[in-house]
Amino acid sequence: MLTVWAILIDGFIYASWLFLVAAGLTVIYGVMRILNMAHGSLYALGAYAAASALGWYYSGGGENLVMAFAIIAASAILIGALTGLAIERGILRLMYGRDEILMLLITFAVLLILEDVMKLIWGTTPYFAYQPYAALGRINIDVLTVSRYDLLVLVVSVVIGVGLWFWLERTKIGKILRSIIHDREVSEAMGVNVRRMFTITFMIGATLGALAGGITAPIISVVPGLGIEVIVLAFAVVVTGGLGSITGAAVGAVIVGLARATSIHTMPELELFIIYAVMAGVLIFRPHGLFGQVIARKI
Amino acid sequence: MKNSNQRPIWQKTLLGTATSVAMASVGVMGMAATASAEESFKVGFVTFLSGGASGPFGVPAAQGAEIVIKAINEGSLPAPYNTKGVNGLTLESVVVDEAGGPTKQVEEYRNLVQRQDVDAVIGYISSGDCLAIGPVAEEMKMFTIAFDCGTSRLFQEIEDPQYMFRTGLDAVADNVGAARYLAETRPDAVRIAGIQQNYAWGQDSWQDFTLAMAQLMPEAEIVNNQTPQLFQGSYSTEISALQTERPDIVHSSMWGGDMESFTAQANVRGLLSQATAILTTGESGLHRFDGQAPNGTILGGRGPFGGFMPENDLSEWFTQTYVAEHGTPPSYPASKAAQAVLALKFAADSSGAEGVPSSEQLAAALKGAEFESVSGTVRMALAGGHQALQPMSYGEYHFENGEAELRNVRSYSGECVSAPDGYNAQQWIKEGFPGVDCN
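Here the protein sequences line up with chains A and B, keeping their order. To convert, note that position 114 of the first sequence is 114 in the UniProt record's numbering; the numbers rise steadily by one, no gaps. To convert, note that position 163 of the second sequence is 163 in the UniProt record's numbering; the numbers rise steadily by one, no gaps.
These are calculated hints, taken from the structure and not from any lab test. Cβ coordinates follow ideal geometry from the N, Cα and C atoms, glycine included. Fair warning: there could be bad hints in the mix.
To be verified - One side of the interface only, derived from the structure: several residues of chain B facing chain A at Cβ under 7 Å:
#1 G51
#2 G55
#3 V59
#4 V223
#5 T227
#6 S236
#7 S240
#8 E260
#9 S261
#10 H287
#11 G291
#12 Q292
#13 W317
#14 G422
#15 N424
What the hints assert, rightly or not - Covered, in the sense of this in silico footprint (three residues per stretch, anywhere, with C-beta under 8 Å from a C-beta of chain A), are these stretches of chain B:
#16 243 to 253
#17 268 to 275
As the list claims (entries may be wrong) - Computed from the model, here is a short list of chain B residues facing chain A with C-beta under 8 Å:
#18 G52
#19 N82
#20 P102
#21 T103
#22 N198
#23 N225
#24 Q226
#25 P228
#26 Q229
#27 F231
#28 G233
#29 S234
#30 T237
#31 E238
#32 A264
#33 S358
One chain only, chain A, in its complex shape:
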């Protein structure tokens, strides 16, 4: 019974982190039809920014936990939004209308460039910003323990998920974005400034990626190559759930999270295999993912 509880707790905690990482990726694809490989770098940038800012705060004698969380959010959001704006305005806007594969290759190039930029700025030494993670402590459940920080990540993930849903389904800008998702050309003909909406969407997606990195920074050691590791997992989740679907990303994250937790607790040697086995299994029966929509090709 203990193992079942452990699987459920670990599965949902991991799923919440996966969703955080994947949300920005799926928002950008849903609206812009760009499979943004640079999302991994935005995650890493957020992690580096938060780790640096926290290091600065704590080395200056800071102890206030609320302030530490504010620093994480502010640093990650700032770097995510600015980098997103720079990528969209500086590179992507010149490429709109090109083939999806070409856009994927361009964002892959951006990922590689940003990886080296991060080395130039932060070097290769791992960064630790463990203080918020350690300060929150843990909850004991029999022999099991759960980090309160992990539970906080779960709450943040739910808030972001609900917020994204509300933004897309219940706001005017959400309606405009949905109209672009359904038909870009008709939206433009109706007076929607599609390019401006693309800029906003990319900045939001990039900010979500950086925020995921910033929130993760106190848990891990922030090292070069962090973004490349993450992007593969994020792809597995959004492909399982269906590219471009927020609900799909959430459900995909829960399925992958629970499957992985089950494997680790029962057959740890299959930990990696199980994630991609789930993805492959879903794609065999639903080639567009669980919530992916088949789009008719215009002639």
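Given chain A, work out where chain B should sit, using these hints.
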């Protein structure tokens, strides 16, 4: 003889700046030395300058090598290396990034030998790279020293090595040493668990450790082993899985940022107050844990390196110089790289060559030799004189008043943790360590 006058000798040494690291990641860069001698000895130095292994291992190793190379050229090393240069020649180095995998490293190696025209190669942290380079070094007849890689298969896969040497210990010594330390200091431990990175290093380490535990602590039960992905970062689920097994000991061969992340997370989650962790590469985190590992956590340094270095003139000089340049004591990768450069100087100075020693002369000088190093006396006593035999040390981490130190340090002689020459290491453990000498 090569026309060494045509070789560029760069005035400034490398590394230390992120810019140089980024440059190195796309190719080869120069490193070196003052230019006063007419002839120079050119060594290729291969280490991780990018990727997850660069921060904790690759860059400290390059920094350790750089300090020794600079001192060699200045003639400022303590005895017995207080002569200027190697065999009187200025030591010049070419640093190459080890990132990219074995296939790329073989290409880089051939490039070093055939285009960069190096006289020797020192390098390789990754076991996969070592295994790929060993046969190529023999084929190209190039004197090569592996300074860090831990695979016990290196000399199993090279029949009658002539040019390949290793001046560090293999993973078998790490894990036999770990089992011996537990048998002495935690004899009542019953439930043993592990967490290893999911690739050859982690799998081999766990195999060697469990084989040694079966011999040394037969009452102990192996209850679980987790195998997370390399550079995974977050180990929340693995920690839960370990907790449900209620282990007394958690063994890990994880290294670098992964090892430090796991330790910090397991500490917060309480796993390390329920069980004692034994980290075979933990010494690299000695001055980085900053109290995030509980006191009593058992650390290894892959031999008498880093915080386990014995007190001697070389180790004191090396520690002082490293602290002065980098503000922190040298970790074990830095010490191991320094040891390999000292081995090169020893071989060159002892070669009896006039001018630049050939690979054959260097190999003949180092084969089966004993030389002094930052880790004490190194005996090239295994693999037909090509593999170092050294003690293995473990100790407990203690952090007080902002200072970290090792306590309850125990060392085991080389003969106590390494299989005798010609023995398959795993077979040696399974047979109960025949010929072992732990005195």
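Structure-based check of all given hints:
1. The interface hint given for G51(B) is met, as the beta carbon of that residue sits about 5 Å from the closest beta carbon of chain A, less than 7 Å.
2. For G55(B), the interface hint holds, the least distance from its beta-carbon to any beta-carbon of chain A being 4 Å, beneath 7 Å.
3. Look at V59(B): its Cβ gets to within about 6 Å of chain A, closer than 7 Å, so that hint holds up.
4. At about 12 Å, the closest approach between the beta carbon of V223(B) and any beta carbon in chain A exceeds 7 Å, and the interface hint on this residue is violated.
5. The beta carbon of T227(B) is positioned within 7 Å of a beta carbon in chain A (closest approach about 6 Å), and the interface hint is therefore held.
6. At a threshold of 7 Å, the smallest CB-CB gap from S236(B) to chain A is about 6 Å, leaving the interface hint in force.
7. The closest approach between the C-beta of S240(B) and any C-beta of chain A is roughly 5 Å, which is under the 7 Å cut-off, so the hint is satisfied.
8. With 7 Å as the threshold, the beta carbon of E260(B) comes within range of chain A, its nearest partner Cβ sitting at about 5 Å, so the hint holds.
9. For S261(B), the interface hint holds, since its Cβ comes within 7 Å of a Cβ in chain A; the closest pair sits about 5 Å apart.
10. Evaluation of the H287(B) hint against chain A yields a violated restraint, the C-beta minimum of about 12 Å exceeding 7 Å.
11. The beta carbon of G291(B) comes no nearer than 9 Å to any beta carbon in chain A, farther than 7 Å, and the hint placing it at the interface is violated.
12. For Q292(B), the shortest C-beta to C-beta distance to chain A is roughly 6 Å, which falls under 7 Å, so the interface hint holds.
13. The closest approach between the C-beta of W317(B) and any C-beta of chain A is roughly 24 Å, which is over the 7 Å cut-off, so the hint fails.
14. A distance limit of 7 Å between C-beta atoms decides the matter here; for G422(B) the minimum to chain A is near 33 Å, and the interface restraint is violated.
15. The closest approach between the C-beta of N424(B) and any C-beta of chain A is roughly 25 Å, which is over the 7 Å cut-off, so the hint fails.
16. Counting residues of the segment 243 to 253 of chain B whose C-beta sits closer than 8 Å to any C-beta of chain A gives 3, which meets the bar of three, so the coverage hint holds.
17. For the segment 268 to 275 of chain B, the stated coverage by chain A holds: 5 residues have a C-beta nearer than 8 Å to a C-beta of that chain, and at least 3 were required.
18. Hint status for G52(B) relative to chain A: holds, with the closest Cβ pair at about 5 Å, below 8 Å.
19. Interface hint at N82(B): violated, since its Cβ lies 33 Å from the closest Cβ of chain A, which is beyond the 8 Å cut-off.
20. Proximity of P102(B) to chain A is violated relative to the hint, the smallest CB-CB distance being about 18 Å (cut-off 8 Å).
21. Hint status for T103(B) relative to chain A: violated, with the closest Cβ pair at about 19 Å, above 8 Å.
22. Annotation: interface hint on N198(B) holds; nearest CB of chain A at approximately 7 Å, less than 8 Å.
23. Because the closest C-beta pair between N225(B) and chain A is about 7 Å apart, less than 8 Å, the hint holds.
24. Taken as an interface hint, Q226(B) checks out: its beta carbon lies about 5 Å from the nearest beta carbon of chain A, inside 8 Å.
25. Hint status for P228(B) relative to chain A: holds, with the closest Cβ pair at about 7 Å, below 8 Å.
26. Proximity of Q229(B) to chain A holds as hinted, the smallest CB-CB distance being about 6 Å (cut-off 8 Å).
27. For F231(B), the suggested interface contact is upheld, since its CB lies about 5 Å from the closest CB of chain A, less than 8 Å.
28. Among the interface hints, the one on G233(B) holds; its C-beta lies about 4 Å from the nearest C-beta in chain A, closer than the 8 Å criterion.
29. Interface restraint check for S234(B): the shortest CB-CB distance to chain A comes to about 5 Å, inside 8 Å, so the restraint holds.
30. Evaluation of the T237(B) hint against chain A yields a held restraint, the C-beta minimum of about 4 Å falling below 8 Å.
31. A hinted interface residue such as E238(B) counts as satisfied when its beta carbon comes closer than 8 Å to some beta carbon of chain A; here the least separation is about 6 Å, so the hint holds.
32. About 5 Å separates the beta-carbon of A264(B) from the nearest beta-carbon of chain A, less than 8 Å, and the hint is met.
33. Interface restraint check for S358(B): the shortest CB-CB distance to chain A comes to about 36 Å, outside 8 Å, so the restraint is violated.
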